[in-house]
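Quick mapping for you: the protein sequence lines, in order, are chains H and Z. In terms of numbering that gives the first Met the number 0, the first sequence has 208 at position 209, counting the first letter as 1, and numbering is strictly consecutive. In terms of numbering that gives the first Met the number 0, the second sequence has 428 at position 429, counting the first letter as 1, and numbering is strictly consecutive.
Hints listed in this document are in silico derivations from the structure and should not be mistaken for laboratory results. Bear in mind the structure is a predicted one, so any value in this text is a computation, not a measurement. Warning: the hint list may mix true and false statements.
[What the hints assert, rightly or not] Taking lysine-lysine and the DSS-like style, the derived pairs with C-alpha atoms no more than 25 Å apart in a straight line are:
1. LYS5(Z) with LYS26(H)
2. LYS28(Z) with LYS241(H)
3. LYS223(Z) with LYS28(Z)
4. LYS327(Z) with LYS158(H)
5. LYS34(H) with LYS313(H)
6. LYS160(H) with LYS327(Z)
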Amino acid sequence: MQDENIKTKTPDAHRKTRKEPFVRIVKRSDIQRAKAWMIRVGAIILAMCVGGIIVLLMGHNPFAVYSAMFTGSFATATSRSETIKTAVPLLGAAIAIAPSFRMRFWNIGAEGQILVGAVAATYFALYVKTMPSVMLLLAMMLAAMVAGGIWGLIPGFFKAKWGTNETLFTLMLNYIALELTKYFQHGPWRNPMSGGFPKIAMFDNAARLPKLGIAGIFDVHIGWIFVLVLAVLMLIYLRHTKQGYEIAVVGESERTARYASMNVGKIIMRTVFISGAIAGLVGFLLVSGANGTLSDSTAGGVGFTAISVAWLAKLNPIVMIFIALFIAVLSKGSNTIQTNFKIPASAADVLTGIILFFMLGCEFFINYKLIFRGVPSAESTPPDSTAPSPEVTAPDSAAPSPEVTAPDGAVGEEAE
Amino acid sequence: MESAIKLQNISKSFGDVRANIDINMQFNKGEILAILGENGSGKTTLMNMISGIYFPDSGSIIVDGREVTIRSPRDAFSLGIGMIHQHYKLVEVLTAAENIVLGLPGKGKLDRAAVSAKIKQISMRYGFDINPDKKVYDMSISEKQTVEIVKTLYRGASILILDEPTAVLTPQETDRLFSVMRNMRDDGKALIIITHKLNEVMAVSSKVAVLRKGEYIGTVETAKTSYKELTEMMVGRTISLNIERPPPTGQQDRLELRNITCLNEEGIPALDNVSFTAKSGEILGVAGVAGSGQRELCEAIAGLYPILSGEIDYYPPGSDKTQPIVGKTPKNIRKMGIVLAFVPEDRLGMGLVANMHMVDNMLLKGYRKGFPVFADRKPPKKLAENIIKSLDVVAPGVYTPIRRLSGGNVQKVLLGREISSQPTVLIAAYPVRGLDINSSFTVYNLLNEEKKKGAAVIYIGEDLDIMLELCDRIVVLCGGKVSGIADAQSITKEEIGMLMTNLPDARLP
Numbered sequence: 000m001q002d003e004n005i006k007t008k009t010p011d012a013h014r015k016t017r018k019e020p021f022v023r024i025v026k027r028s029d030i031q032r033a034k035a036w037m038i039r040v041g042a043i044i045l046a047m048c049v050g051g052i053i054v055l056l057m058g059h060n061p062f063a064v065y066s067a068m069f070t071g072s073f074a075t076a077t078s079r080s081e082t083i084k085t086a087v088p089l090l091g092a093a094i095a096i097a098p099s100f101r102m103r104f105w106n107i108g109a110e111g112q113i114l115v116g117a118v119a120a121t122y123f124a125l126y127v128k129t130m131p132s133v134m135l136l137l138a139m140m141l142a143a144m145v146a147g148g149i150w151g152l153i154p155g156f157f158k159a160k161w162g163t164n165e166t167l168f169t170l171m172l173n174y175i176a177l178e179l180t181k182y183f184q185h186g187p188w189r190n191p192m193s194g195g196f197p198k199i200a201m202f203d204n205a206a207r208l209p210k211l212g213i214a215g216i217f218d219v220h221i222g223w224i225f226v227l228v229l230a231v232l233m234l235i236y237l238r239h240t241k242q243g244y245e246i247a248v249v250g251e252s253e254r255t256a257r258y259a260s261m262n263v264g265k266i267i268m269r270t271v272f273i274s275g276a277i278a279g280l281v282g283f284l285l286v287s288g289a290n291g292t293l294s295d296s297t298a299g300g301v302g303f304t305a306i307s308v309a310w311l312a313k314l315n316p317i318v319m320i321f322i323a324l325f326i327a328v329l330s331k332g333s334n335t336i337q338t339n340f341k342i343p344a345s346a347a348d349v350l351t352g353i354i355l356f357f358m359l360g361c362e363f364f365i366n367y368k369l370i371f372r373g374v375p376s377a378e379s380t381p382p383d384s385t386a387p388s389p390e391v392t393a394p395d396s397a398a399p400s401p402e403v404t405a406p407d408g409a410v411g412e413e414a415e
Numbered sequence: 000m001e002s003a004i005k006l007q008n009i010s011k012s013f014g015d016v017r018a019n020i021d022i023n024m025q026f027n028k029g030e031i032l033a034i035l036g037e038n039g040s041g042k043t044t045l046m047n048m049i050s051g052i053y054f055p056d057s058g059s060i061i062v063d064g065r066e067v068t069i070r071s072p073r074d075a076f077s078l079g080i081g082m083i084h085q086h087y088k089l090v091e092v093l094t095a096a097e098n099i100v101l102g103l104p105g106k107g108k109l110d111r112a113a114v115s116a117k118i119k120q121i122s123m124r125y126g127f128d129i130n131p132d133k134k135v136y137d138m139s140i141s142e143k144q145t146v147e148i149v150k151t152l153y154r155g156a157s158i159l160i161l162d163e164p165t166a167v168l169t170p171q172e173t174d175r176l177f178s179v180m181r182n183m184r185d186d187g188k189a190l191i192i193i194t195h196k197l198n199e200v201m202a203v204s205s206k207v208a209v210l211r212k213g214e215y216i217g218t219v220e221t222a223k224t225s226y227k228e229l230t231e232m233m234v235g236r237t238i239s240l241n242i243e244r245p246p247p248t249g250q251q252d253r254l255e256l257r258n259i260t261c262l263n264e265e266g267i268p269a270l271d272n273v274s275f276t277a278k279s280g281e282i283l284g285v286a287g288v289a290g291s292g293q294r295e296l297c298e299a300i301a302g303l304y305p306i307l308s309g310e311i312d313y314y315p316p317g318s319d320k321t322q323p324i325v326g327k328t329p330k331n332i333r334k335m336g337i338v339l340a341f342v343p344e345d346r347l348g349m350g351l352v353a354n355m356h357m358v359d360n361m362l363l364k365g366y367r368k369g370f371p372v373f374a375d376r377k378p379p380k381k382l383a384e385n386i387i388k389s390l391d392v393v394a395p396g397v398y399t400p401i402r403r404l405s406g407g408n409v410q411k412v413l414l415g416r417e418i419s420s421q422p423t424v425l426i427a428a429y430p431v432r433g434l435d436i437n438s439s440f441t442v443y444n445l446l447n448e449e450k451k452k453g454a455a456v457i458y459i460g461e462d463l464d465i466m467l468e469l470c471d472r473i474v475v476l477c478g479g480k481v482s483g484i485a486d487a488q489s490i491t492k493e494e495i496g497m498l499m500t501n502l503p504d505a506r507l508p
């Protein structure tokens, strides 16, 4: 068998002195910021092109559709307000996710944490409304944060004590929260005046967040201030506090954290509680701000979309502001083109999906580069000027090879 | 002698690091060629190109007189090239035989009898000791290595590359490996052994090829060379192989372990009734085959491993009052005023955070100090700068991620941080593993300085030659038990080797 292989290979080897693989994937050690951003911008342009082809196939002018998406979310004060209203919970939830993800605790339970926060806030709005408005709002906020925090703490506790899988755990808790919401909506909290529909009554004005806009530009409930402040606070928390440092160390290596005598379990529980509490706060903003009441569609997938926001922003809360806004524009814009061009909702979502796919996908090209056959010296040019001196990186290490041979995917030893 | 592989003008760069520069070399059949070189000299990179893991930037590889293209490990295997890596790649829950045939083309049903017969035949031919039906998780490290070697032979390899095969073996196991290697050599196979250890080069190889900083320096016949010549070729100048051993000063008991027993995760004793005393102003070596309880011992002292029974007493300098530290967390131990520094074996997975830069890594031990909420990064920055200056760390700056430093520099950073706390007890687990000669000597000097300052240094080591020169006393561990404590100047390497594999009361010759 082996001899045959040699024979079949030799003619090739003789014909060509060196036959490189057609394409090789090499991990980049470092990349210039400008280059990374060029790749990202390129990805968005490419996404627009691919989306444009789909629009063309549907018989519309891609330029008209794209500009309608943009004007639909920015042209008027009302559309701007709507866009911001969409962005606020997205940003809030993304900030909520940030500390857990920094700790590599894959909390995909923001959706449920938002909902339980919303439920707790709603209880105060419906049944403890004798307080003055400010007090009531504070009570609602606190209740929402505690409830969301506990919803996050449950999987955190199990992870810290028994090492359970947090991804499944937080995912399952989402369903429990959703069904709980439905129970209240259809059962004890149902508004008898709603004419047979299972609805919860709209909150009194005392339980609604005041509006705070800029005249003529937008007019949105005060929640946008909340999330902007939160973004700054979260940045400071993660970068400059001792707890933020602990989170980073636990995320990188639990063994190192133990070695540094950190109480890993405590840090996990504390961090996930903070995550959940912020998600709960988002639930409060949703019921008390944008929606005015609780329903099973209050969260509406925000907790999941926020994962994309957090990830695209590389967990940087300030970058999240822009990403959240961008995604809000996309979703607002897709509503506009549905009405303006009679493009079906599903097709509009495909456009959004393509853009997100390209944006997430381009991270691969930021982390890896492809080397094509016949372009040999491209890789020997230093990727950036601050590249390590020869002694710094040790190629002679037992570390897994950073280089992967692409075509047959034969990597490592077990592939023979 | 017939050539098995010929390398012509092979070059390989990673970014702007030139790992191999214009290498011309030849490997012959029926010969054991040792490749010698410091860390970062390009040995592993070169071998990885022959075994299909990397692809050379330029140059050609000629196998059996034909120029070939090796694009993947599969290509390498079809040419009869097999590599035994430092880290074994076996499936723990499968048997030796199953691991050996894993991935080979074959019919739906595995003919176990035929496989076993072929394995037996290979074992007989070269003198391996292998049980085809033993599960890998039941095997010792040397047995696993045997499986890896038999795996390559089973697939018809005629060129075998062994990457530091002796790093984890006892002297006795090393001897057995060498005799197997000689049998393979006599059978006409081409063997390439990568190693740091000169004595092994002398013992087993027919020829020695030396690499230095990515360049091929030359090949000499083992019989006609000397330690001195090889060292010169390797480092480019003569360096003293003598490790300094200042006489111990003011020896007082500093740390006393009495009957320490620890259970591992499976409930089996990892440390069994371990007792010894570490004194101030001396280096106490701990020898043992890998996995004899060294890791648990270090972590138990540092308060990181649960202790089932026994006591550890700390004697503060200038005081007779002992302080028990069993059951205390590292935080509590520090609160008691005991400055205990620990350089763990797993530098990047435990001692440091690979993705963080030097400043944040300096912060690790002292981040609780300073302002109540915010982390103060000024002192760690200063410390990082000091360490770069005083220990000659080669790094672009203090904000370079640790993972981008070479092994020697990583170790300097870690040791620098631990020593900066002015410890009274310093535990260093395999502090020179994977380091080149120059970095190793930096480490020995640092340890000696701590010893002179009066710290009790506990040195977990694997290279017995070094331990015999560096340490004052040596504790030998075997299967979690202390099999002997000896004065380093009066014990021989062979005696330690015996203690590593046998308990004295079990069977001594």
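Okay, the hints, checked on the actual structure:
1. Simply put, LYS5(Z) and LYS26(H) have alpha-carbon atoms about 29 Å apart, too far for the 25 Å limit, and the pair is violated.
2. A distance of roughly 61 Å separates the Cα atoms of LYS28(Z) and LYS241(H); the hinted pair therefore is violated under the 25 Å criterion.
3. Between the alpha carbons of LYS223(Z) and LYS28(Z) the distance comes to roughly 20 Å, so the proposed pair stays at or under 25 Å and holds.
4. The suggested pairing of LYS327(Z) with LYS158(H) holds, with an alpha-carbon distance near 24 Å, which does not exceed 25 Å.
5. This hinted pair checks out: LYS34(H) and LYS313(H) have alpha carbons roughly 16 Å apart, not beyond 25 Å.
6. At roughly 20 Å between alpha-carbon atoms, LYS160(H) and LYS327(Z) fall within 25 Å of each other, so this suggested pair holds.
Violation of the numbered hints given earlier is confined to hints 1 and 2; the remaining hints are satisfied by the structure.
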